[in-house]
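Given next are the chains, with one letter for each unit.
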Amino acid sequence: AQSVTQLDSQVPVFEEAPVELRCNYSSSVSVYLFWYVQYPNQGLQLLLKYLSGSTLVKGINGFEAEFNKSQTSFHLRKPSVHISDTAEYFCAVSLRLSGGYNKLIFGAGTRLAVHP
Amino acid sequence: NAGVTQTPKFQVLKTGQSMTLQCAQDMNHEYMSWYRQDPGMGLRLIHYSVGAGITDQGEVPNGYNVSRSTTEDFPLRLLSAAPSQTSVYFCASSGRRQLSYNEQFFGPGTRLTVL
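So the sequence lines, in the order shown, correspond to chains A and B. Counting in our numbering, the first sequence runs from 1 upward without gaps. Counting in our numbering, the second sequence runs from 1001 upward without gaps.
Simulated from the structure, these hints should not be mistaken for laboratory data. C-beta: ideal position from N, C-alpha, C; glycine also. Warning: the hint list may mix true and false statements.
[Said to hold, decoys possible] In silico contact screen, one side only, chain A against chain B (beta carbon under 8 Å); selected entries:
no., residue
1, 40
2, 42
3, 46
4, 103
Please put together the full structure from these sequences, using the hints given.
Given below as structure tokens:
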């Protein structure tokens, strides 16, 4: 069965510092991996995705993630965070169901708090 | 192009009441789905649809009904609300079955409280 574990429920960091949000997954098949961001009282926005190819994936707002198959990880990184990056971040893996629908299995989320 | 829209944004119900959460998309997507978000649990799939007239259950379907009479709309019905259904509900839509992957687009959410 597929599952996603986000290793930190909260990550406090100072503005302009680097940050890494950790995500591990378990799957017996090839996976598609995603990071979503949720700003306060808003819906989910796709930050980046890994479907195939290069293991280093670049997304919006300066974020990037590295797919590591041997460690079954997909950690999210940003070299210098801004106050505006304060949000909840969700890692997800895709599972293809009958009819071709790609169900998303989400981690519990990591709340990133950027302090001045 | 409004994307995925949901109404209402907020709702308070009493235990036992029924209601329908509305979801519509204008992207001509085949797939639509409902997720619920609870603290510390991420999002979990309630029901999904692969096209008009076709629906199936997700991880947490109990207490919810869906139907898909048109491509655009995918309402979620709570038949008899319970406090355990207090949550934030997100509707999502994604593209076409010919593709191996379809990005999911999420609506803004409905925050439901059941007293």
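Hints, one by one, checked against the model:
With a cut of 8 Å, the hint placing residue 40 of chain A at the interface with chain B is violated, because the nearest CB-to-CB distance is about 12 Å. With 8 Å as the threshold, the beta carbon of residue 42 of chain A comes within range of chain B, its nearest partner Cβ sitting at about 7 Å, so the hint holds. At its closest, the beta carbon of residue 46 of chain A sits 6 Å from a beta carbon of chain B; the interface hint therefore holds under the 8 Å criterion. Contact between residue 103 of chain A and chain B, as hinted, is supported at the beta carbon level, the nearest pair being about 6 Å apart and thus within 8 Å.
Taken one by one, the earlier hints fail for this structure only at number 1.
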